[in-house]
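When you get a sec, could you build the whole thing from the sequences and use the hints?
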Amino acid sequence: METAQLRPAMHWTALPKGGFTGIHWARPGATTGFDPYLVWAEADNFAGYGLDKPPKWLPLLIELAPGVSVAQFKAAASPQWLHVPPVYTSSTAPTGLRYCTARVRPPFFKHIRPGGSLHTLVQRFELGLPAGHDADDPTAPSGPGTAAPSAMLRGKVVGLIDGGLAFAHANFLRNGRTRVQRFWRQDQQGLGNAPAQLGYGHELTAAQIDQVMQANIYGGLVDETAVYEHFQMGMELNKRVNHGTHVLDLACGPKTVLAQIAGVPPFPNAPPSWAMA
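Under the numbering used here, the first residue of the sequence shown carries the number 10, and numbering increases by one thereafter.
You may find that some hints are simply not true.
DSSO-like, lysine-lysine: derived pairs with alpha carbons at most 27 Å apart [claimed, not checked]: (1) K65 / K83; (2) K62 / K26; (3) K165 / K264; (4) K83 / K119.
For the record, the hints were derived by calculation from the structure and aren't laboratory data.
This is the structure:
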């Protein structure tokens, strides 16, 4: 006769009082309107952030109420517990901007409640993903200096937010020089200065990229690996397939999207064609 081993009964644990927010998540209605990932982060003591205790600052993505500006939002708070990068109140920020990133300390969650100074100003917010630096003190000096704000680009400009952007790839060159005017990596890996109006990550300019590419040309071709090694990018950009590189190529590579798709009407069985490039 065979006997099956019984699994132990599952036990549910009530949600805790947040070690960062101070919110009693188990109370009726406490989670209403809050980002579930924030509740989860406090429930597992920020293990998903690689921590074993609450951080000193938390990254948030904030949507303001209609008619509320980022400047008004900042004025209603204290820099002791709210930090919004200067770019959101700079002359380059779009008129009527209602979205911004921020890093906050525990008092933020007191002022966001009914009766608090921010309650009517903030429509919603989401917890930012951990990227290594997000729980750092945003008022502390960052990296090897900051890059001065640059002039706005003119003409047709494509901006892409993604990972694995192989900026030295042949599809992004023109006459041997890069078409990538700015490259911003948001974590702390690699060379470059932190953008002055953002204060974290590092930025590379077209001139910096071109200089390194020109120093690593062999047989008339750019040695991409050498370029990425110079900028201390690790192996991320050396992969044969990268999502960001693929998407950037579709958006502004040397061939149009239609030229890379088979079966474009009116020829359903036709292969991709340079004729549509």
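>> Which constraints among the numbered hints does this structure fail? Numbers only, ascending.
In response: The structure conflicts with no hint, since it agrees with every one listed earlier.
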